[in-house]
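Using the sequences plus the hints, can you model the full thing?
If you read the protein sequences in the order shown, they are chains G and Z.
Here the first sequence is numbered in numbering that gives the first Met the number 0, starting from 0 and rising by one per residue.
Here the second sequence is numbered in numbering that gives the first Met the number 0, starting from 0 and rising by one per residue.
Just so you know, these hints were derived from the structure itself, not from any lab.
Remember, it's a predicted structure, so these values are computed and weren't measured experimentally.
Don't be surprised by glycine CBs; every beta carbon is placed ideally from N, CA and C.
Please note that the accuracy of each hint is not assured.
[As the list claims (entries may be wrong)] Derived coverage of chain Z by chain G (criterion: at least 3 residues anywhere in the stretch with Cβ under 8 Å from a Cβ of chain G; other residues may be distant): (1) 17-28; (2) 43-52; (3) 82-93; (4) 97-110.
[Said to hold, decoys possible] Every beta carbon over 12 Å from chain Z, so not counted as near; a handful from chain G, in silico: (5) V11; (6) V83; (7) A121; (8) G123; (9) V189; (10) A197; (11) S220; (12) T268; (13) L378; (14) A433.
[What the hints assert, rightly or not] In silico DSSO-like links for lysine-lysine, alpha-carbon gap of 30 Å or less: (15) K33/Z <-> K107/G; (16) K85/Z <-> K75/G; (17) K122/Z <-> K151/Z; (18) K33/Z <-> K98/Z; (19) K85/Z <-> K98/Z; (20) K85/Z <-> K122/Z.
The lines below spell out each chain.
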Amino acid sequence: MRRRSLRLRLLVTFGLGALVISSLFASLTYIGVKHLLISNQQQTDLRQSYVNAALVRSTLYSSPTELSDLLNSIQKATASNVLVQTHNEWLARSNRASTVDVSPTTIKTVGAGHATEQTLNARGRIIFVVGVPIPSVETQVFEVFQLDDLERTLRTMALVLTLGALFTSIVGMSGGIWVTRRTVRPLEEVSYAAALIAEGALTTRLQVNRADREVQQLTESFNQMVSQLVLRLERDARFASDVSHELRSPLTTLATTASVLQQHRDDLTAAGRESLDLLVADLSIFQSLVEDLLEMSRSDAGAVPLVMENLSAIELVHQSVRSAARRHGIDEPPVEIAEGVGDPLVLVDRRRFERVITNLIDNAHRYAEGAVALRVDVLGTQLAVNVDDAGTGVPRDEHDQVFERFFRGRAAHDRGIARGTGLGLALVRDHVSAFGGTITVTESPEGGARFQILLPIVKSGPS
Amino acid sequence: MLGAIALAGCSLVPTASSPQLIGPTHVPFGLLGKTIPGTNNGRVRFITQPVYIVDATGHLSSTSRIVPSPPVLESVLRQLIIGPTKIESGGGYTSALPKNLIILSASFRGGIGYIDLATTLSKLPRSQEVLAVGQLVLTAHVVGLTLGIEVKGVEINVAGVVQNSPLPGNHEANLMTTQDFQSLLNS
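This is how it looks when you write it as structure tokens:
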């Protein structure tokens with residue numbers, strides 16, 4: 000399962016959290032205030048209805064002819080319409096009152112002696128109708144209140160709360176961005192620095208942020224860890240270099256002695272000759288190992304500086320192939336230059352580049368029936384040097400591992416070869432990386448392994 | 000969601016499909032009582048009683064007064080003396096009957112309406128007197144109808160003496176019917 004980014008998760012959490020909380024708050028506020036407003040309005044209207052009904056009764060009893068004037072006065076004072084009915088006939092109503100507002104059900108219920116209230120939508124307007132029977136004057140009083148103001152208030156409140164919730168969400172999300180940036184940035188910096196260090200930039204350090212105690216602690220710890228690591232690496236490299244160096248003299252003596260013994264080989268018994276052959280072979284391996292180890296440890300310790308030069312890539316490849324063939328006593332594999340490559344220049348250390356080619360050819364010779372060809376091509380802005388061998392290829396799961404130090408692949412075991420140093424390809428990768436290039440292993444067109452070196456072209460030469 | 004509700008046309012105030020009953024105990028002022036508080040078991044029924052007043056064009060026009068049921072002729076006729084309501088006055092309506100007119104009695108006997116006045120109407124200009132008599136006769140007639148009486152005519156007395164009252168077209172009569180005032184009715 001693909002993991003989501005921490006930044007995104009924090010952002011979504013803050014944003015959604017703010018949205019949920021503000022929505023909840025807005026909803027609860029709306030529900031509470033709405034209930035309160037409606038309840039207050041209806042209670043006020045009800046009380047007013049009772050007072051007005053009592054006034055109607057009083058007016059009817061004392062001066063019934065003034066009833067219409069009373070209803071109009073009520074309408075002017077309270078903006079509510081009052082209708083008075085007796086025995087299913089409208090006795091009087093205020094000027095703007097409409098009998099349509101009072102439903103037949105309300106009329107029937109109030110006529111039966113029950114006081115009622117009802118909020119309804121009448122022709123697109125929200126009205127509150129209160130019906131009060133007055134048996135003592137055999138009339139029913141209906142008062143119709145307009146709730147348009149209340150409706151407008153609720154609508155405005157809903158809109159304001161929604162905008163408030165949205166604003167709060169945006170603020171929450173902004174806060175999330177700010178917090179995420181402060182939280183994740185140090186992690187990203189650590190990650191980036193770690194990647195740089197992994198690529199070999201051991202001088203990389205984090206800038207200590209003194210604003211946040213935790214971040215300061217993290218960066219200081221990280222820097223301290225890297226410093227310790229570098230010290231340890233340098234110490235190890237120096238140790239390996241020293242050991243290798245110290246081993247060279249006795250090894251040379253041993254090799255010289257073996258060489259002398261070789262000259263008197265015929266004087267030895269058959270068992271002695273066999274022992275001598277084994278000794279010479281192992282000495283050769285041992286010498287190679289010590290040389291590789293010495294070169295690698297010096298390189299790690301920075302003891303041998305890179306001598307970078309702009310060199311003709313084609314000439315360099317030819318020269319390296321010749322050197323490798325001479326060194327290993329093998330036939331030079333063919334060098335095939337792709338059409339249109341020209342004579343590009345690459346910035347490399349000549350000695351190390353030759354070592355790269357030598358090691359790759361040696362690797363092909365040792366584990367894969369030799370190199371088929373060295374093919375040079377240009378891929379975009381990079382020079383590709385492909386060393387194709389005649390073997391069966393490197394298993395896909397070993398493509399990355401083959402460049403690890405002391406890694407020995409299945410090919411070595413299958414072929415019963417146990418005399419490689421396990422450092423040749425690791426050294427190749429270190430040198431190519433030092434040139435700013437990369438090396439990968441794929442399959443060659445012939446089915447064997449293809450070790451492809453990609454180097455940045457400094458200058459494209461004429462074709 | 001709130002925003003959608005606010006922007007949508009639907010109502011935010013909850014409505015009810017049917018009226019809700021209010022408990023009798025919640026209705027104050029004894030409104031649900033069978034009698035009017037402070038009276039001796041008073042219970043009154045009211046009706047809308049048609050009466051006649053004079054419109055802005057000088058014709059007799061029908062309007063109504065809320066009166067206790069059954070209507071009492073004398074009480075209804077007193078409404079004519081009180082005159083038009085504020086709204087009627089605003090519309091140019093008047094009463095031809097003088098404010099100081101006193102009705103001694105008014106009643107129906109044998110299908111005849113008897114109206115006994117304390118003073119004569121003859122002091123009024125003739126045209127106003129005709130309208131005043133018309134108001135009394137037509138109103139008495141409709142009160143009779145409300146009471147279920149077939150009114151054959153109306154007689155106006157002054158202090159118990161039968162009067163000849165003026166009619167439209169320089170006629171006079173002591174027993175008047177609605178037919179006598181048809182020409183004065185607002186069509």
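Could you tell me which of the hints above the structure violates, numbers in ascending order?
-> 4, 6, 7, 8, 18
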